[in-house]
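Heads up: the protein sequence lines correspond to chains A and B, in order. All residue numbers for the first sequence refer to my numbering, where the first residue is 1 and numbers rise by one. All residue numbers for the second sequence refer to my numbering, where the first residue is 255 and numbers rise by one.
Incorrect hints may have been included.
Unchecked claim - Taking lysine-lysine pairs in the PhoX-like style, the calculated list, with each CA pair at most 20 Å apart, reads:
1. A/Lys-65 <-> A/Lys-80
2. A/Lys-65 <-> A/Lys-231
3. B/Lys-297 <-> B/Lys-454
4. B/Lys-569 <-> B/Lys-297
5. A/Lys-203 <-> A/Lys-135
6. A/Lys-231 <-> A/Lys-72
7. B/Lys-401 <-> A/Lys-82
8. A/Lys-127 <-> B/Lys-477
9. A/Lys-65 <-> B/Lys-401
10. B/Lys-401 <-> A/Lys-80
11. A/Lys-151 <-> B/Lys-477
12. A/Lys-72 <-> A/Lys-82
13. A/Lys-151 <-> A/Lys-135
Claimed, not checked - Some chain A residues flagged as far from chain B (calculated, every beta-carbon gap over 12 Å):
14. His-199
15. Ile-201
16. Met-238
If you are wondering where the hints come from, they were derived from the structure by calculation, not from laboratory data. Every value quoted in this text rests on a predicted model; they were computed, and no experiment measured them. Heads up, the beta-carbon is just placed ideally off N, CA and C, and yes, glycines get one too.
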Amino acid sequence: MTISNVSIGAKDFVLAVEGLTVSFDGFKAVNDLSFYVDENEIRVIIGPNGAGKTTVLDLICGRTKATTGSIKFRGKELTKMKEHQIVHAGVGRKFQNPSIYEDLSVFENLEISYPRGRNVWGALTFKRDREVIEKVEEIAEMIFLKDLLGKEAGLLSHGQKQWLEIGMLLIQNPDLLMLDEPVAGMSVAERKQTAELLHRITKNRSVIVIEHDMQFVEDIADRVTVLHQGKVLSEGSMERVKTDPKVVEVYLGH
Amino acid sequence: MSYHGFKSYLPQQDLLGFALLAILLLVIFPLSMDIFRLNLVGKYLTYAFVALGLVLCWGYGGILSLGQGVFFGLGGYCMAMFLKLEASNPEATKIQSTPGIPDFMDWNQLTELPFFWQPFHSLTFTLIAVIVVPSIFAYFIGVAMFKRRVGGVYFAIITQALAAILTILIIGQQGYTGGVNGITDLRTLKGWDIRSDEAKYILYFVNVAILFLCLFAAQYVRKSKLGRLLVAMREREDRVRFSGYDVSNFKIFVFCLGAAFSAIGGAMFTLQVGFMSPSFVGIVPSIEMVIFCAVGGRLSLLGAVYGTLLVNWAKTSFSESFPELWLLAMGGLFIAVVLAFPNGLAGLYQTWVAPRVDKWLANLKTPRPLTTNPLESRS
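With these hints in hand, go ahead and build the complete structure from the sequences.
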C-alpha cells in the first residue's frame, strides 16, 4: 500500500510519525521528523528550548495541524482527525502547566474525564453510579489525592495539581499517554513520588514524556529522542544519547 | 463516605429558595398589588426568562451574548402574529381596502397575507414556532460561531450586531412586520379577551408557572454533568476538548436553551402587554437583560429573577422622576456590580446569609449533627 506501511515493516508500532513538518509563516518548528514508539515503551523527548518538543505533542493530539507528513496511531491517521476523536482513539495528553478545573472539586475533575456521556445527551443523563465512584476513588488513590476528593482543585498545591491532571488522563485509560514536563516545579520528594507513579501507570501503555530533568529522564526512560531545530538529533538509550558528541554539543554541554 | 447524596438535584438551600420565590410571586405580590402593578411585575418576569438563559450561557458557560433580545423578539413576534391575525378577522377589518389582513399591511398597500404569515392562523403551530424558530436561529448562529471557535468578546460583538440587524430589518420591512410601531392592538386569544383584568390575572399566574418550569429545567441542567462541563469549559476549554468532548456542541446546546427560554419570555410578554415592537429586540434591551442577570448574580438562577425584578422596579420608579438620568444610572449600576460585587446579589447572599441558613437548617432537622458531604458544600 503506502510507503509508510512498508517502512513500518513487520513490526507494529503504537505510534508512527513520518515526514512530519509544520511551518508557521515559513518557520519550520518541526522539520521532516520521523520517529516510532513501541508498545509499552516509555519514550522521553529532550532537547534545547525551541527544539519543537511541545509542538510535536500538539501535532499528535491535534491541537496544531501538520503542514505535511503523517502520524499513525495503531494504523489510524491522526492528522485528519479532530481533537476529541483523537482522544476517543486512545491518546491522552497532559499540558505543560497544570490544566485542571480550579472551580470544581477533585472528584468532579476526575469524573468529567471519565469516558462516558461525552455528547450533549449523555452529559445531561449522566448518572454518578457506583462504577464511576469506584473508578474515581481508585484513581485518586493512585495519584495520592484520595483524602482530598472533596477539595476545590484550585486550592491544591502545584505538585498535586500536576498529579490531578495525570489522574484525569489515567481515568480515560489511554493507550498512548503524552506528558509535557510532568515534574516541572515539583519538590525533590514530589519528583520521586511522581517517578514511582509513572512507573506504575505506564504498564500496558505507551508513554511519551517531555522532560528537562536529566535525573528524572534516566529514572524512567526506555529510549530517548533528542530534538534540535525540529529534527531528530539523536535517538537511543540514555547511555548512548548521553555520549553522542552531537548531543553534548547542542544540549547537554551547556 | 457517600457521594450518592450529591445526586440530589434540589438541595435544601435551593429548595428553600424556590419555595420563597413561589410564595413571593404567587401569594405576596397578587395579594398586595392592584392588577396594574401586578401586570407590570408580570412584564418584568418575562425578562427573567432571558436572564435565566443568560445565567446558563454566560454565568456557567462563559458565553456572553449581547443579542438575547433577538430571541425574546422572535418569540414575542411569533405570538403577536397569531394574535394579530385573530384580531384582523374580515369583520373587524371591513373598512380596509383588503379586509382580513392586519391593518399595517393594508396601510402599506399589501393586498394579500404574506406566505410566512399564513401558518400563524394555527395556535398549535404558533406555540411550536415560539420555541422552535428562535432555537433554530440560535442553532445556526451557534454552529457558525462555535464550530469555528469564535468566542469571548468576538462572539459578544457578533450577537450585538445581529440584534442591530434584526431591528433594522423589522423596521425596514414595515409592510410585513408593522415597522417601528411593532404589532399592536392585539385583542383576543381564541376568543378570550386578553385585555380584561381577569385575563391579566390568569396570564400572570400562567407566566409564573412557566417561569418555574424553566427554573426547574435550568436547575436540572446546572446540576447535571453538563452543568459541570460548562464550568470546566469556561475555565479550560482545551482541557475539556482533550478529555474527549466536542466543546462546540455543548456551547450550541446551551446557547439554544438560552434562546428558547428568552423566546418563551417574549411570547408571554406579548400576551401580557398586548403588543410587540422592535424596541424589545435591539441592542439596548439586550444589554439591559445582561445587566439584570449581572445584578442578580450570573451564577444564580434565582438571583436572575430577583435581579430582573429589582432593576426593573428601580427603573420604573427612577425613570418616572428622572427619565433622562436612568440610562446613566443603569450604566453606573453595571460598573458597580462588576467592580464591587461580581457575583451580584446572589454572591452577597452566599457570603453573608447562606452560612446562617445552613446552620439553621441543620439545627432544625437533626438530633445528630448533619454530616455534610464535602462535595456538597460547593453546590
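Holds or violated: A/Lys-72 and A/Lys-82, Cα atoms, limit 20 Å. holds (14 Å)
Would you mind confirming whether the straight-line C-alpha gap from B/Lys-569 to B/Lys-297 stays at or under 20 Å? Since the Cα atoms of B/Lys-569 and B/Lys-297 sit roughly 13 Å apart, the hinted pair holds (cutoff 20 Å).
Has the given pair, B/Lys-401 with A/Lys-80, been kept, meaning a C-alpha gap of at most 20 Å? holds (16 Å)
Check the hint pairing B/Lys-297 with B/Lys-454 against an upper bound of 20 Å on the C-alpha distance. Between B/Lys-297 and B/Lys-454 the Cα gap is close to 11 Å, so the pair holds against 20 Å.
Does A/Met-238 clear chain B by more than 12 Å, comparing its Cβ with all Cβ atoms of that chain? Consistent with the label, A/Met-238 stays out of reach of chain B, its closest Cβ about 29 Å off (over 12 Å).
Hinted pair, alpha-carbon criterion (20 Å max): A/Lys-65, A/Lys-80. Please report holds or violated. The given pair, whose Cα atoms are some 8 Å apart, holds under the 20 Å limit.
Non-interface label on A/Ile-201, tested against every C-beta of chain B at 12 Å: holds (17 Å)
Agreement of A/Lys-231 and A/Lys-72 with the hint, judged by alpha carbon distance not exceeding 20 Å: holds (18 Å)
Below or equal to 20 Å on CA atoms is what counts here, so check A/Lys-151 against A/Lys-135. At roughly 18 Å apart (the allowed maximum being 20 Å), A/Lys-135 and A/Lys-151 satisfy the hint.
Minimum Cβ-Cβ distance from A/His-199 to chain B exceeds 12 Å: holds (24 Å)
Restraint check for A/Lys-151 with B/Lys-477, where alpha carbons must lie at most 20 Å apart: holds (18 Å)
Hint check: A/Lys-65 vs A/Lys-231, CA-CA at most 20 Å. Holds or violated? holds (18 Å)
Consistency with the previously given hints is maintained throughout, with no hint failing.
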